[in-house]
Amino acid sequence: MLRRILIALVVVTVVLPAVLVLVYRVVVPPVTPLMLIRLVEGQGLTRDWTRLDDIAPALAQAVVASEDNLFCEHTGFDWNAMNMVIGELNEGGAPRGASTISMQVAKNLFLWPGRSYVRKAIEAYLTLYIEVLLPKRRIMELYLNIAEWGPGLYGAEAAARHHFGKPAARLTSREAALLAVTLPNPLRWSASEPSGYIANRASVIQRRIGQLGPLLNCVRD
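Residue numbers (the numbering used here): 1 to 221.
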C-alpha cells in the first residue's frame with residue numbers, strides 16, 4: 001500500500017507536470033483556466049493563435065522591457081526582484097508582484113487567478129519545469145498567445161486587431177509598447193485609449209528597449 005501511495009505521489013508531483021509542459025511544447029493550448037473563468041463571468045472569448053515568428057518582434061521586446069528585463073538570462077525567477085519585495089513587506093509596504101514571464105506562463109496555463117501562498121508555491125514549482133523543458137522563444141510564444149488584453153480578449157493577434165485594427169505582425173513599436181504596459185491590468189487599461197499614465201509608461205518602455213541590448217537576444221528575429 002505504501003509503495004503504491006509513493007508511486008502515485010511521484011506520478012502526480014513529478015511525471016504529470018513534466019508531461020503537461022512537454023505537451024505544450026508542441027500543442028496549442030485549447031483554453032486556460034482564466035479564459036474559462038472569464039467566459040462564465042460573461043466576458044466572451046476571442047483568441048487567434050499566432051506563431052511568434054508572425055508577431056512583430058517589437059511586442060516581445062516591449063513585454064520583456066515592461067514585465068521582465070532579465071527574461072533571456074534567468075532560469076525562471078528574478079531573485080533580486082523577489083528580495084526587494086520581501087524587504088518591502090518586512091518594512092510594512094504593500095504587497096506587489098515579482099512574477100517573471102515564465103511564472104506568468106505557469107499561472108496562465110495551469111492555475112487560477114489569486115494571491116494565495118498555495119497557488120504561488122504551485123506556480124513556482126511548475127515554473128521549474130517550464131524553464132527546463134521549454135526554450136525561451138516557446139515560453140514567449142505561449143505568453144503572447146494566452147495573455148489577457150481586455151474583457152474576453154486573449155493573445156497578441158486578437159489584441160492587435162481589437163485595439164489597432166491590424167494583425168500582430170504589423171504592430172509598430174509604439175503600439176507594441178502600449179499593449180505591453182496594459183498587461184498588469186488589462187480590464188482597466190486600454191492600449192487604444194491610453195490614459196496619460198499609460199502613454200507616459202509606454203514612452204519609458206520604448207526607451208528601455210534601446211537600453212537593454214543583448215538582454216533582448218532571445219526574442220529578436
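Hints listed in this document are in silico derivations from the structure and should not be mistaken for laboratory results.
For glycine and all other residues, C-beta sits at the position ideal for the given N, C-alpha and C.
Incorrect hints may appear among the rest.
Unchecked claim - Beta-carbon label-pair distances, calculated as ranges:
| hint | residue 1 | residue 2 | range |
| --- | --- | --- | --- |
| 1 | 151 | 14 | 34 to 42 Å |
| 2 | 128 | 195 | 35 to 43 Å |
| 3 | 185 | 1 | 20 to 28 Å |
| 4 | 54 | 190 | 32 to 40 Å |
| 5 | 162 | 113 | 38 to 46 Å |
The hints, checked one at a time:
One distance hint, 34 to 42 Å for the beta-carbon pair residue 151 and residue 14, holds here, with the actual separation near 38 Å. Residue 128 and residue 195 have their C-beta atoms about 37 Å apart, which keeps the hinted 35 to 43 Å range intact. For residue 185 and residue 1, the hinted distance range of 20 to 28 Å is not satisfied, since their beta carbons lie about 49 Å from each other. About 24 Å separates the C-beta atoms of residue 54 and residue 190, a value inconsistent with the hinted range of 32 to 40 Å.
Here the CB-CB span from residue 162 to residue 113 is close to 21 Å, at odds with the stated 38 to 46 Å.
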